[in-house]
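K.L.:
Using the sequences provided together with the hints, build the complete structure.
Numbering (the numbering used here), first residue to last: 45 to 523.
Just so you know, the hints here were simulated from the structure itself, not pulled from any lab data. For each residue, glycine too, the CB sits at the ideal point set by N, CA and C. Any given hint could be a false lead.
[As the list claims (entries may be wrong)] If you anchor each label on the Cβ, the simulated ranges turn out as follows:
(1) 396 x 511: 28 to 34 Å
(2) 519 x 407: 41 to 47 Å
(3) 163 x 54: 45 to 51 Å
(4) 207 x 87: 55 to 61 Å
(5) 87 x 186: 34 to 40 Å
(6) 349 x 373: 35 to 41 Å
(7) 77 x 160: 55 to 61 Å
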Amino acid sequence: MVADGGDPSRLRRLNERAVLAAVRGAGELRVAQIVEQSGIGRTAVEEVLASLVERRWLVEESPAIRGRGRPARSYRFRAEAGYVVGLDIGAYSVRGVLMDLDGRMLASTRQTVTPELPRAERLAVADEVVATCAREAGVPPSRVWAVGAGTTGIVDPTGTVLQANAIPDWAGTNLPSHFTTPLALADNDSQLAALAEQHHGRRPAPTTGTPASTTGTPLPTTATATGSPLPTSGTTIPTTAIGTARPTTGGTTPPTTGGTTIPTTGGTPLPATTTTGGTAASATVWPVGSRGGGAAGSGSEGCADMVFLHAGRRTGLALVMDGKLRRGAFGAAADMSALRGVAWEAALGYLHEVVPDEVPVVDKAERAFAAARGGDRAARAAVRKYAEAMAVAAATAIAIVDPRVLVLGGAFSQAADVLLEPLTAELERLCPRVPEVRASALGALCVALGAASLALDALNDRLLTPARGPLPPLAARSI
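P.N.:
Laid out in structure tokens, this is it:
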């Protein structure tokens with residue numbers, strides 16, 4: 045029973061949040077189940093349910109009629125009330141994902157750009173990606189309530205890019221001010237990739253939902269790396285966080301192997317259909333993770349201490365300590381790009397050198413990994429050199445943080461089958477104690493997923509904070 049010291053208005057607010065948490069955690073519940081799970085009396089539950097339906101937080105589902113008697117009513121969270129878009133704005137591409145308020149990914153798309161593209165045109169491409177995601181998911185643009193954007197460079201707390209070596213005119217861009225949605229935020233791409241890994245990493249095969257008439261292929265899970273896997277049962281649903289996925293039941297614990305975590309041979313397939321040029325989109329129903337806490341899927345999701353190595357055409361590091369993403373005072377935590385001895389940009393050259401000149405720059409690394417996978421000796425040597433260069437900065441962060449897990453994320457995590465072994469070997473040479481090393485299953489979507497998580501968290505803070513008093517109507521005007 046939710047109790048309070050005699051303040052009826054406060055008691056009602058607590059009851060509202062308890063009922064909402066119970067419904068969201070289960071997906072759909074009958075009244076008797078809500079009473080049981082919330083610990084609140086039936087009369088109070090009935091009153092709260094009527095109020096939450098009126099304010100459009102919950103939907104009363106039409107009960108199936110079976111036999112005699114009054115059919116039991118059931119309720120679900122109105123996740124389709126609004127949507128968020130997460131963007132990954134880089135030098136060579138702009139990616140986007142669209143999610144509903146339960147954190148289910150309904151669409152994703154990608155457009156190619158160049159580092160030289162002027163700022164205004166790059167922002168226009170970002171607008172196109174938002175519009176394409178909404179169109180592919182069948183969502184009116186007015187229902188996109190928030191945009192989160194991840195981008196290369198140092199990003200301050202206001203969302204202004206302070207420094208961006210990869211994009212010539214990008215410094216000084218204030219991303220939130222560009223978007224017209226009720227809420228917009230921005231952060232560094234590697235930081236958001238780590239946020240996505242913490243929230244959604246290595247989940248079991250997802251359940252499917254029906255918020256839109258779309259289906260898709262779920263992201264695969266990976267095998268457990270060295271060390272003990274996190275528990276896969278007993279997950280606590282946090283209090284009514286927007287973006288909280290419905291828990292899966294009857295999941296299979298990933299098998300344990302002695303060694304590094306390696307995803308499906310040949311790389312991790314992405315749910316989005318992408319091309320090297322132009323725009324391609326897909327709509328994938330993928331319930332994504334819970335905020336904090338132990339994870340239904342085990343692994344990086346909810347990991348308290350993690351170093352995230354963001355590997356792709358751009359490279360970065362991010363830190364999760366005590367269960368929180370650590371940005372630092374000015375948003376530059378773990379940025380080692382300027383340190384002498386950290387040759388991230390030069391390391392890409394090792395991969396490019398073993399690929400024919402006529403191959404586009406954006407495809408060279410993937411071609412090098414494919415050649416190494418096929419047994420090409422020069423390509424395998426290049427991958428090893430690249431991994432050794434990546435290990436220098438990673439080892440520095442490991443020595444400072446002493447994490448439980450190092451996660452290889454970003455687009456190059458799809459080459460974990462050829463990259464993790466030399467990376468781990470070099471870490472063993474550089475570090476007195478090597479943490480569990482594993483590859484992310486989020487692939488190239490990690491930044492966009494993290495940006496969507498940032499937006500969902502911000503909506504959660506705006507709409508559900510107890511300081512606001514009674515829950516406002518679930519509508520854009522309440523943001």
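K.L.:
Determine for every hint whether it applies to the structure shown.
P.N.:
Quick rundown of the hints versus the structure:
no., hint, result
1, 396 x 511: 28 to 34 Å, "53 Å, violated"
2, 519 x 407: 41 to 47 Å, "45 Å, holds"
3, 163 x 54: 45 to 51 Å, "48 Å, holds"
4, 207 x 87: 55 to 61 Å, "59 Å, holds"
5, 87 x 186: 34 to 40 Å, "38 Å, holds"
6, 349 x 373: 35 to 41 Å, "20 Å, violated"
7, 77 x 160: 55 to 61 Å, "58 Å, holds"
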